[in-house]
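In case you want the letters, here they are:
There are 2 protein chains.
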Amino acid sequence: MASRTSSPLVHPDMNGLDLFKIMSALADETRLTIVVTLAASPGLACSGFARDVTPSVLTRHFRVLREAGVIRQHDVGTRRINTLRKEELDHRFPGLIDLVLKESIGRVAPYTTADRAC
Amino acid sequence: MASRTSSPLVHPDMNGLDLFKIMSALADETRLTIVVTLAASPGLACSGFARDVTPSVLTRHFRVLREAGVIRQHDVGTRRINTLRKEELDHRFPGLIDLVLKESIGRVAPYTTADRAC
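Residue numbers (the numbering used here), protein chains in the order written: chain H, 1 to 118; chain A, 1 to 118.
Since the hints were derived computationally from the structure, they do not count as laboratory data. Values in this document were obtained by computation on a predicted structure and should not be read as measured data. Check before you lean on any hint, since a few could be wrong.
[To be verified] Computed, partial: chain H to chain A, Cβ under 7 angstroms:
#1 16
#2 20
#3 30
[Unchecked claim] According to the in silico footprint, chain H covers these stretches of chain A (three or more CB under 8 angstroms from chain H):
#4 84-96
#5 99-108
Cβ coordinates follow ideal geometry from the N, Cα and C atoms, glycine included.
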């Protein structure tokens, strides 16, 4: 199936993950909510997220997360699918994502209206 | 001995520590350098740090770290002494500070000209 865009989606490889870039990416409530949602429901399309923010703002949040190495994105037709890079993050920074998910409880809730894309 | 200032230095208690505020505080190279320096040499006066930034900027960085609960500050005469709250942070967020210190290697180096105040 054709890609949604012609520009490739760049992801840092596991050894290139930067803890401080990741911490900065996660210290934002919308991005944290995206991460919490993806932890509960891998493989969601961008269209299923955060109806309270504009699409362009949401795209920026996803890009920050992707460029920090927190999520992986790939296009399926016109849909951009997102997954949390949990295994790689656990391997590179043991305990970090579990700590983040634990501390997010009571602070943010996963989007419940998310549109499962696969 | 008289306090350096009349305004009290406010510190969050251990149960009030906020992981996301801490991650945001640590995602800055000057603040990370302060933390790395304090991990190596507890009990340093502010005057011993970061001669490459202005005192007012440095004061702001220390305040961000203190308000996030990363460091504890107390005044001894005219000197403000700083310590990393490592034990409390280890208890509240196991592994986080060790991960931060490990990942800081090769990225920032502790200030070597720091002025030991005690």
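Outcome, coverage hint (the segment 84-96 of chain A, chain H; C-beta under 8 angstroms; three residues): With 4 residues close enough to chain H, the hint holds.
Verify the interface restraint on residue 30 of chain H: the C-beta must sit less than 7 angstroms from at least one C-beta of chain A. 12 angstroms, violated
Given residue 20 of chain H was flagged as interface, is its beta-carbon under 7 angstroms from a beta-carbon of chain A? 5 angstroms, holds
Taking 8 angstroms as the C-beta cutoff, is the stated coverage of the segment 99-108 of chain A by chain H satisfied by three or more residues? Holds: 4 residues of the segment 99-108 of chain A have a Cβ under 8 angstroms from chain H.
Taking the least C-beta to C-beta distance, is residue 16 of chain H closer than 7 angstroms to chain A? 13 angstroms, violated
Of the hints listed earlier, those the structure fails to meet are numbers 1, 3, in rising order.
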